Amino acid sequence: MSQTLDVTARGGRSSSAETRGAWETVRWLLKPVASLKLTVALFALCFVIVFCGTLAQRDHGIQIVVRDYFRSAFVWIPFRHLVFFSVPGSFPFPGGWLLGALLLINLLAAHLTRFRFTVQRIGILLMHAGVLLLLLGELVTGLFQVESRMDILEGSSAIYVYQPGTVELAIVRPGSGGQDETVVVPGGLLKVGERIGHADLPFDVVVDEYLPNSRLVGRGIGNSQPLTHPQWAAAVPEKLPLVTGTDPNQQIDVPSATVTLKKKGTEETIATEVVSVWLDRIMPPIARTVTVDGKAYEIALRFRRNYKPFTIHLEDFQHEKYLKTNIPKDFRSEVRLEDPSRGENRRLAIWMNHPLRHAGETFYQADFRPDNMGTVLQVVRNPGWLIPYIACGLAAMGMLVHFGFILSRFLNRIL
Amino acid sequence: MSAGLVGCEEEQISRYSTPKDPPLPAWANDDLPRLRMITAIVQHDGKVWFFKLLGTDVAVTALSEPFADFVRSLKFTGNEDKPVQWTLPEGWVDKGPSGTRTATIQMKGNGQPAELTVTPLGPEAGDVLANVHRWRQQLGYTGPALAPDQLERYVFEHKMPFGKISVVDLVSVPLNLKAGADPHAAEEPVDERPAGTIPKIDYTLPEGWEKSERPTPMSMLTLSAGPAEQKVSITISPMPGAAGGLTENVNRWRGQVGLKPIKLEEILQHARKMVVDTYPAVYFRFTGPERDGESNAQAPQKSILVVMFLREGFTWFIKLSGDAKVAAAEEPAFIRFVDSIRFPTEAAEGKQR
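Here the protein sequences come in this chain order: A and B.
Counting from 1, one number per residue, gives the positions in the first sequence under the numbering used here.
Counting from 1, one number per residue, gives the positions in the second sequence under the numbering used here.
Extracted from the complex, chain A is given alone in its bound form (with noise of 0.2 Å):
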């Protein structure tokens, strides 16, 4: 008995030496991972994404600079941005997610090869908790927000977000009973002289030309801007550079098309139209409208929208200006929510910092249609929001513990 009993504790001993020589080569291999070293040459990397990250936006618009600088593993940065002057060609860089990996990475390897599990150290502990839950707060974000806008006309509800910069063709045929049955090509489908044909579609569709930035004009010697309604319909698209992080004034952009429809597999031309978000984004909003076999369609370009099972209604819209100035001083949306879903049926008001959160989405009061004749909400949908708030209540804890500790270190000494 006592001799299995010193074998069991041999063997013990044996397979406890076993885990720690694999411990130590893990560690040994982890060390330079797990450097201080790479960590500042991380952070160091960090700051010139941001800056070129920064300065690319003089360029290209805010979305397509978080796309290609902050969540993408690599960018190819134009030296000019570095240099000041005109220089061509790029090199490669390590991207934001690329970057943020690494530092999970050694923050995750520097905890398992260096930092022991001591009460002194619970503050240290929280604060890197809190970073990780940073950065790990950032990857949910980085690709499961949706952000999305709504517009509501003051008397007008609204049952649909829009995506401003992502674009669709939706072909539309209206149906009854209050349904309409929508067939949507996305953006990326539309390239000049690409044929498009598909079983859903009534009609192949030619895109002749493609304006990812525009305006219309009207004809006649002035292009009153704002068109009017019939200026509006018979308006034809002006290519517009696209805007830039730089744009003071935070515009977006607006792509217009022409579009020739073919009878489905022949090259007979039904029709040729000019398409434009912008004829979709005013009031009332102008659709193309052409016969196929009898049945009418709709024919619009226009942002993505993503239907909610919900109703806006906006009943009142203030807009407040500081005295004697046109500063603005507040936007007040005052709205009716009625989700059959959930039972709602409410008013309530949406400001400036006093969004509305619901069914997983929050709307924030964003800006105001021309001529203060309605809202623009922005529909954020995050299932990542809270991390953020965690993660700063871990790193303030942590700092509360950590500094605590030192300051009655210190009092204990100097008492």
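Note that these hints are calculated values from the structure, not bench results.
The structure presented is a predicted model; accordingly, all values stated were derived computationally and were not measured.
Derived coverage of chain B by chain A (criterion: at least 3 residues anywhere in the stretch with Cβ under 8 Å from a Cβ of chain A; other residues may be distant):
no.	stretch
1	13–24
2	257–265
Cut-off 27 Å, straight-line C-alpha distance, at most; resulting in silico cross-link-like pairs (DSS-like, lysine-lysine):
no.	chain 1	residue 1	chain 2	residue 2
3	A	Lys329	B	Lys260
4	B	Lys82	B	Lys47
5	B	Lys302	B	Lys263
6	B	Lys302	B	Lys260
7	A	Lys329	B	Lys263
8	A	Lys239	B	Lys164
9	B	Lys52	B	Lys164
10	B	Lys200	B	Lys108
11	B	Lys20	A	Lys295
12	B	Lys302	B	Lys319
13	A	Lys239	B	Lys159
14	B	Lys47	B	Lys75
15	B	Lys325	B	Lys260
16	B	Lys302	B	Lys273
17	B	Lys200	B	Lys319
So the derived list for chain A, only partly shown, Cβ under 7 Å to chain B, looks like this:
no.	residue
18	Gly178
19	Asp180
20	Pro186
21	Gly188
22	Pro284
Note that beta-carbon positions come from the ideal geometry of N, C-alpha and C, so glycine has one too.
Take the given structure of chain A and dock chain B to it, following the hints.
The following block gives chain B in isolation, referenced to the frame of chain A:
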């Protein structure tokens, strides 16, 4: 909702059912009249020339091509007596100089009257940004002041035989629905149109109505009607540009008869459409509450009847206000009076001269 899944399939054609869009509010359906103003600005020989075409949107849209022909025909002669010459399109009538204007030209576009004015001013008037901002305010816009880089939305440059011109093309908000939110807009110079150019009108005075001995300020005509102790007052007031807008004005009138302010949607339900001469107009009738409280025992119930329309840069108000019973009795006469109003044609005006 199947549409909610669209975001997951970015590059694929998809099909789904969607509810129809909710109806737009009545005012967004664009059936209310707007003004349109196209101004060609020419800087020549140290002067700034304004060729301003103004009328309803329908009229000016129909006239934009003939206006382009008119501008192309301009010739700067250098002659002090007749510094600029032009060729008038068919049907356009030059009524000659008045005040600071070199000419006032009248015409019709799509059956609706419009007016082209030619005004030379000094070089200090050549600030396009300031002009566009002021004209936009006149047309009912209350947004922030324009930044210089926003001008390209409104100003277009064209090359002509005599040099470069800037064309400013602006459209008013529909019936200036939400205008007037900025009370300081009124501090701006309202119009370069000299005083006294408000057109004369013809009308038939209903029986028992008479011109008031005490004209109301800001009104071109003040009448009174009804029994001596309870006379109601009738005024005609053309106000330049936005004139406060529909919501502001209606709620002010409602306040005058003791009613609470209402929202735009409700205002539109009160609006009855009518036509004054050839101009689309809206008609409102508001009667205050009966005063049965002790403190208000002496205050009579009041009514206000107003017809409002746009004509060539002015918002016109024809208003009857006073005791509710007298106003109700005079309402048929008021409608007949409004129906009788005519803006004289050239021949008729010639006779008056």
